[in-house]
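Undergrad: Protein sequences, first through last, are from chains A and B. Using this note's numbering, you'd call the opening residue of the first sequence number 186 and step up by one each time. Using this note's numbering, you'd call the opening residue of the second sequence number 303 and step up by one each time.
One thing to keep in mind: the hints can contain errors.
Derived BS3-like pairs: lysine-lysine, alpha-carbon spacing no greater than 27 Å straight-line [claimed, not checked]:
1. Lys489(B) - Lys312(B)
2. Lys381(B) - Lys359(A)
3. Lys421(B) - Lys359(A)
4. Lys430(B) - Lys489(B)
5. Lys334(B) - Lys498(B)
6. Lys430(B) - Lys403(B)
7. Lys359(A) - Lys536(B)
8. Lys403(B) - Lys381(B)
9. Lys498(B) - Lys381(B)
10. Lys342(A) - Lys359(A)
11. Lys403(B) - Lys342(A)
12. Lys381(B) - Lys421(B)
Quick partial rundown of chain B residues pointing at chain A, CB under 7 Å, derived from the structure [stated by the list, open to error]:
13. Ile366
14. Gly412
15. Arg415
Honestly, the hints are just simulated from the structure, not real lab data. These figures come from a predicted structure and were not determined experimentally. From the three backbone atoms N, C-alpha and C, an ideal C-beta is built for every residue, glycine too.
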Amino acid sequence: MTKAAKEKLAFQLLTIASVMVLIPTVGIIVYIVIKGLPAINWSFLTEPPRNMMTEGGIYPAIMGTLYLVLGTIAIALPLGVGAAIYLNEYAGTSRMRRLVHLAIVNLAGVPSVVYGLFGLGFFVIVLGFGRSLIAGSLTLAIMILPVIITTTEEALKSVPNSYREASLALGATKWQTVRNAVLPSATPGIITGTILGIGRAAGETAPILFTVAAFYLPSIPKSIFDQAMALPYHLYILVTEVPNVPEETKFGTALVLLTLVVGLNLVAVLIRTRTRRRSY
Amino acid sequence: MSRADKIDVKNLSVYYGNDPAVKNISILIPEKKATALIGPSGCGKSTFLRTINRMNDLIPGARIEGNVLVDGQDIYDPKADVVEIRTRVGMVFQRPNPFPKSIFENVAYGPRRHGNNRKADLEEIVEKSLTEAALWGEVKDRLNDFALDLSGGQQQRLCIARALAIQPEVLLMDEPASALDPISTAKVEDLIDELKKDYTIVIVTHNMQQAARVSDKTAFFLSGELIEFDETSKIFTNPQDKRTEDYITGRFG
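Taking the hints into account, I'd like the entire structure generated from these sequences.
TA: As structure tokens, then:
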């Protein structure tokens, strides 16, 4: 085969590969939208399920997921960003840093159902939170910590060292330097990581299965120790546990969940590209 | 040390790991004069410069022996306050490194960190510092513009203004014009000439003409050692050491 022919073949194979990647992504979205769109209307989004979930809407599940996401972020963001700042700005090349890094890498590789079991054992039973928003949020927070820590660390690493030097040379303390010269430049990256984490937290079923999710709870939770419905778990029971649920209700629920997660990812992408244009 | 000496360095050695980058240097740097540090790349002049405001502290594995006295106070004394030292000894870096903030906020950065947040005070400091750095006329109508949109030369003068805003006594400059075009370089050199009336300036430069133009005294470094230190006019017309002569006449380096 000539060089030119090899070049052409490689080009074609790589093109095919990228198209093949595109097909399932587009396929899933188109399929869910077509099947789910007929179910979407105002009452579907604002009413609780009725009549053994065969009628009504998914409002409590939407709100439950929203609360869970808020709780998760409230816990994971300060913890994750704090840890990342410590690791990147303060820890140097110490043994502590390597140890924490090892922990993070391992944490990222743990299957989500294991987080669920841990949450059940530790937060629900040992700490006595019961199945509750707080137990679910803590479990989800631990799950997305690696995402937030690694993206925050990347964001901090991408801040030029010259900013730190300039700040320190002006007699700023280390913390003033982090706070005023480093964090402002790293914020877009931190936000991106947080949103990716939110997307994951909103979509996972296994971690909330044993820690917070209610099968049917038409009211909205009033305290962090209440149980809540959640979109992924609600979808799971609609499909597997409840008979006679109309197809469009299932796909409508899937569409709402998908929109939420894809929407969050899109926001992350937008923030990233916008800041890339602004910084050079 | 006479009253005219600002910085007194005694038997200073700096090690990165086990290798000395600066070997047993003693030097007296005069107040309100410009002192140039010249020498080939890797001769230790930048390392030496960064010991004067303890910026070498930031490099892992860096270690010093000897003493550096600023106004008679040992800045490496364990009780010395490094933040206070860097407030007195400012620094301008090789590449302009303004923060990605407005022109105003760049200059106000130092004063704000030292607790001055009054708008009227800051406005006054910003105008004064930018004027001292010969940049006020060019930017006075656009103080809220993004600092990184300025030209390289303007950015460097902004960094000088930023350093001046906390009213240091000493200004360290690490090849401040090496990343600039000739016109911007000339402006920075004029500025140094002006600033040395009020500040003690220590400038590292690769450019022999620059050292001759702006400095009152010149130190020649080679392989981490201080070879010769004297009046600039003397170094360039009548060097005592053969190696100094070889370097300034361009025989090596």
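Undergrad: Could you run down the list of hints and mark each one as holding or not?
TA: Verification of the hints:
no.	hint	result
1	Lys489(B) - Lys312(B)	violated, 34 Å
2	Lys381(B) - Lys359(A)	holds, 18 Å
3	Lys421(B) - Lys359(A)	holds, 25 Å
4	Lys430(B) - Lys489(B)	holds, 18 Å
5	Lys334(B) - Lys498(B)	holds, 5 Å
6	Lys430(B) - Lys403(B)	holds, 19 Å
7	Lys359(A) - Lys536(B)	violated, 43 Å
8	Lys403(B) - Lys381(B)	violated, 34 Å
9	Lys498(B) - Lys381(B)	violated, 30 Å
10	Lys342(A) - Lys359(A)	holds, 16 Å
11	Lys403(B) - Lys342(A)	holds, 19 Å
12	Lys381(B) - Lys421(B)	violated, 34 Å
13	Ile366	violated, 17 Å
14	Gly412	holds, 4 Å
15	Arg415	holds, 4 Å
Violation of the numbered hints given earlier is confined to hints 1, 7, 8, 9, 12 and 13; the remaining hints are satisfied by the structure.
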